Amino acid sequence: MTLKVERLVVEHGAIRAIDGISFEVAEGSLAAVIGSNGAGKTTLLRTLSGLKDAKLGKVSWMGRDITGMKPEDLVRRGLSHVSEGKSVIPELTVKENLALGGLWRNNKSELAQSIEEVVELFPRLGERMSQRADTLSGGERQMLAIGRAHVSKPSLLLLDEPSLGLAPLVVEQIFQTISMLCRDRGITVLLVEQNALGALAIADTGIIVNLGTVVAQGDAKELIDDPALRSAYLGY
Amino acid sequence: MQQVINVFLIGISIGSIYALMSLALVLVWRSTRVVNFAQAGQAIVTTYIAWEVVNRSGSFLMAFILAVAIGGLIGGLVESGMMRTLFKHASDGPVAAVAPVIATLGLLGVIRALVGLIWTNEGKRFESPVSTAGFVIGDTTLPFSRLNLLIIFTAAFVMIVFSIVFQRTNLGLALRAAAYNPEIARLSGVKVSMTRTIGWVFAGAAGAVAGILLSPNDSLTPYSLDVLFVFGFVAAVIGGLESLVGAVVGGLVLGVGLSFITFYLGTSLVFPTAFIVLVVVLLVRPSGLFGVKGARSA
Chain C
2 MTLKVERLVV EHGAIRAIDG ISFEVAEGSL AAVIGSNGAG KTTLLRTLSG LKDAKLGKVS
62 WMGRDITGMK PEDLVRRGLS HVSEGKSVIP ELTVKENLAL GGLWRNNKSE LAQSIEEVVE
122 LFPRLGERMS QRADTLSGGE RQMLAIGRAH VSKPSLLLLD EPSLGLAPLV VEQIFQTISM
182 LCRDRGITVL LVEQNALGAL AIADTGIIVN LGTVVAQGDA KELIDDPALR SAYLGY
Chain B
60 MQQVINVFLI GISIGSIYAL MSLALVLVWR STRVVNFAQA GQAIVTTYIA WEVVNRSGSF
120 LMAFILAVAI GGLIGGLVES GMMRTLFKHA SDGPVAAVAP VIATLGLLGV IRALVGLIWT
180 NEGKRFESPV STAGFVIGDT TLPFSRLNLL IIFTAAFVMI VFSIVFQRTN LGLALRAAAY
240 NPEIARLSGV KVSMTRTIGW VFAGAAGAVA GILLSPNDSL TPYSLDVLFV FGFVAAVIGG
300 LESLVGAVVG GLVLGVGLSF ITFYLGTSLV FPTAFIVLVV VLLVRPSGLF GVKGARSA
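Those protein sequences? They're chains C and B, same order as listed.
Just so we're aligned, residue 2 is where the first sequence starts under my numbering, counting upward by one.
Just so we're aligned, residue 60 is where the second sequence starts under my numbering, counting upward by one.
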């Protein structure tokens, strides 16, 4: 087991956004965290990547306790977080956004190679390298955000609602790429989504959260087929 | 016509000094969202040091290099020694917005008092490294001098160095990313606490250059750079407070504008004009000429 979350509690002031969540994600697998607005999904990812402090509980990654570590240090340990809402810097060019993910490695040839790989993943970005990121469409921005995370060479990728606000066709392409990153590149992925059906379809395991607690977790295919979960939490 | 060109060139000369101070303020604003009232104070320290070096060794170049280095050092020390603690302890609510600014105001007072203690409040004469006599063309002597030329070239050189660092280097990319969006920068591995300090270091160095360029052929007192802060701030606001290019353009526009006012309408209108410009920019286009529409929250 590579990513292990144990009895995690996170508070926003007086509000307990995460109330004792525990789960594990196996190395090289794709886990989907499903839940409605306000279920605590984003807070969970922000705590895992170090943007938010946990009140109680423990997060370990590859057997090491990473609770309370800073995001900039976690990147160096292979953890990349694509935060909510097309996390790119609009004022920078596409190329600069990508290069940003590789700055800490300080290795020009590796960076060039990583950027090449991103262009293979998303050819559309290749044509727009010198454009500012604010000229991109929503889908392209999401591709760029994932591309930037990829340039950091993660072994664990945290994705916060990559499908939000995108056209169905683009969503499908993004999900395929995410699945490919996991299957072909061996990256462990934790995917947070409101789009339950789409996310569970590419995931190995599913974790369903509601009001800051885990209400069900297990094999993704079984979760999809569970009629009780369907009506209560998956909404289809 | 010749007169107009002259006034314009003098304006560029003084404007490039405003531009440097404006750059310093914008660098600090971008990295930590603080208007640094102590910027002129930091510059006064380095200018006095430069004055000492010029007096003792006669080398303006050595004075310049030392002032810039110490200016950067002071900037870094103020951020890491004082501001960082403040940001940590006043991280929420209205105090978070006000406390750091007030602290810089306090620091300005302390610095002035210390400078007065060391060098007295009496005006010192800062010798110009080059002739301050105007160039002579035919039988007319222009107000534009070698000193003006030196100022323009030095300021241009500093700005070119800055633009190369910011646009072409990894450090520059990290600094820009941290300024635009600290969270994404951190998630990409940028050590934002370090880029904040570096922003203050660069600002301290730019402020030091502004101080040493403004002072030659003038009287140096612990208060003599206050005017520079005011004009630097107005220039920064014209440029939108966020943009490095805006800071430079703002400084040049203000310098040239005030130069024309001085020559054609008189010195007494310089300050009122600067403040009217400040108010008009804030009313009509608060984001400045180069600012992003819709203010960015810290």
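Just so you know, these hints were derived from the structure itself, not from any lab.
Only a predicted model underlies this, so the values are computations on that prediction, with no experimental measurement involved.
We treat Cβ as the ideally placed atom computed from N, Cα and C, and that holds for glycine.
Careful, some of the hints might be misleading.
Stated by the list, open to error - Where chain B lies over chain C, by a calculated footprint (3+ residues, C-beta under 8 Å):
| hint | region |
| --- | --- |
| 1 | 16 to 25 |
| 2 | 170 to 183 |
Claimed, not checked - Some chain B residues well away from chain C (every beta-carbon gap over 12 Å; in silico):
| hint | residue |
| --- | --- |
| 3 | L167 |
| 4 | G193 |
| 5 | Y239 |
| 6 | L246 |
| 7 | V249 |
| 8 | V251 |
| 9 | Y282 |
| 10 | F334 |
Claimed, not checked - Below are the DMTMM-like pairs computed for lysine to aspartate or glutamate, each with C-alpha atoms no more than 25 Å apart in a straight line:
| hint | chain 1 | residue 1 | chain 2 | residue 2 |
| --- | --- | --- | --- | --- |
| 11 | B | K250 | C | D185 |
| 12 | B | K147 | C | E92 |
| 13 | B | K250 | C | D54 |
| 14 | C | K56 | B | E181 |
| 15 | C | K53 | B | E181 |
| 16 | C | K71 | B | D198 |
| 17 | B | K250 | C | D74 |
| 18 | C | K56 | B | E242 |
| 19 | B | K147 | C | E73 |
| 20 | C | K154 | B | D151 |
| 21 | C | K53 | B | D198 |
| 22 | B | K147 | C | D74 |
| 23 | B | K250 | C | E85 |
We went through each hint and held it up to the structure:
Given as covered by chain B, the region 16 to 25 of chain C fails the check, having 0 residues with a CB less than 8 Å from a CB of that chain where 3 are the minimum. Figure legend: the region 170 to 183 of chain C, annotated as covered by chain B; annotation inconsistent (0 residues with Cβ-Cβ distances under 8 Å, at least 3 required). Residue placement check: L167(B) keeps its beta carbon more than 12 Å from all beta carbons of chain C (closest about 32 Å). Every CB of chain C lies more than 12 Å from the CB of G193(B), the least distance being 43 Å, so the non-interface label holds.
With a minimum CB-CB distance of about 5 Å to chain C, Y239(B) fails to clear the 12 Å threshold, and the non-interface call is violated. Chain C draws L246(B) into its interface by the beta-carbon criterion, the shortest separation being 5 Å against a cut-off of 12 Å. A Cβ of chain C approaches the Cβ of V249(B) within 12 Å, the least distance being about 6 Å, so the stated non-interface status is violated. In this structure V251(B) is not separated from chain C by more than 12 Å, as the shortest Cβ-Cβ distance comes to only about 7 Å.
The Cβ of Y282(B) sits about 38 Å from the closest Cβ of chain C, beyond the 12 Å cut-off, so the non-interface label holds. Distance to chain C confirms F334(B) as a non-interface residue, since its nearest Cβ pair spans about 31 Å, more than 12 Å. Between K250(B) and D185(C) the alpha-carbon distance is near 31 Å, which puts this suggested pair outside the 25 Å criterion. For a cut-off of 25 Å, the pair hint linking K147(B) to E92(C) is broken: about 28 Å separates their Cα positions.
Distance hint between K250(B) and D54(C) is fulfilled; the C-alpha atoms sit about 18 Å from each other, no more than 25 Å. Between K56(C) and E181(B) the alpha-carbon distance is near 58 Å, which puts this suggested pair outside the 25 Å criterion. In summary, the hint linking K53(C) to E181(B) is not supported, as the alpha carbons are separated by about 53 Å, beyond the 25 Å threshold. As the CA atoms of K71(C) and D198(B) are separated by approximately 69 Å, the hinted pair breaks the 25 Å bound.
Between K250(B) and D74(C) the alpha-carbon distance is near 8 Å, which keeps this suggested pair within the 25 Å criterion. Between K56(C) and E242(B) the CA atoms are separated by roughly 21 Å; this keeps the pair inside 25 Å, and the hint holds. For a cut-off of 25 Å, the pair hint linking K147(B) to E73(C) stands: about 18 Å separates their Cα positions. For the suggested pair K154(C) and D151(B), the alpha carbons sit about 35 Å apart, so the restraint of at most 25 Å is broken.
At roughly 72 Å between alpha-carbon atoms, K53(C) and D198(B) are farther apart than 25 Å, so this suggested pair is violated. Distance restraint check for K147(B) and D74(C): the Cα-Cα separation of roughly 20 Å lies within the 25 Å cut-off, and the hinted pair is therefore satisfied. Restraint check for K250(B) and E85(C): the C-alpha separation of about 21 Å stays at or below 25 Å, so the hint holds.
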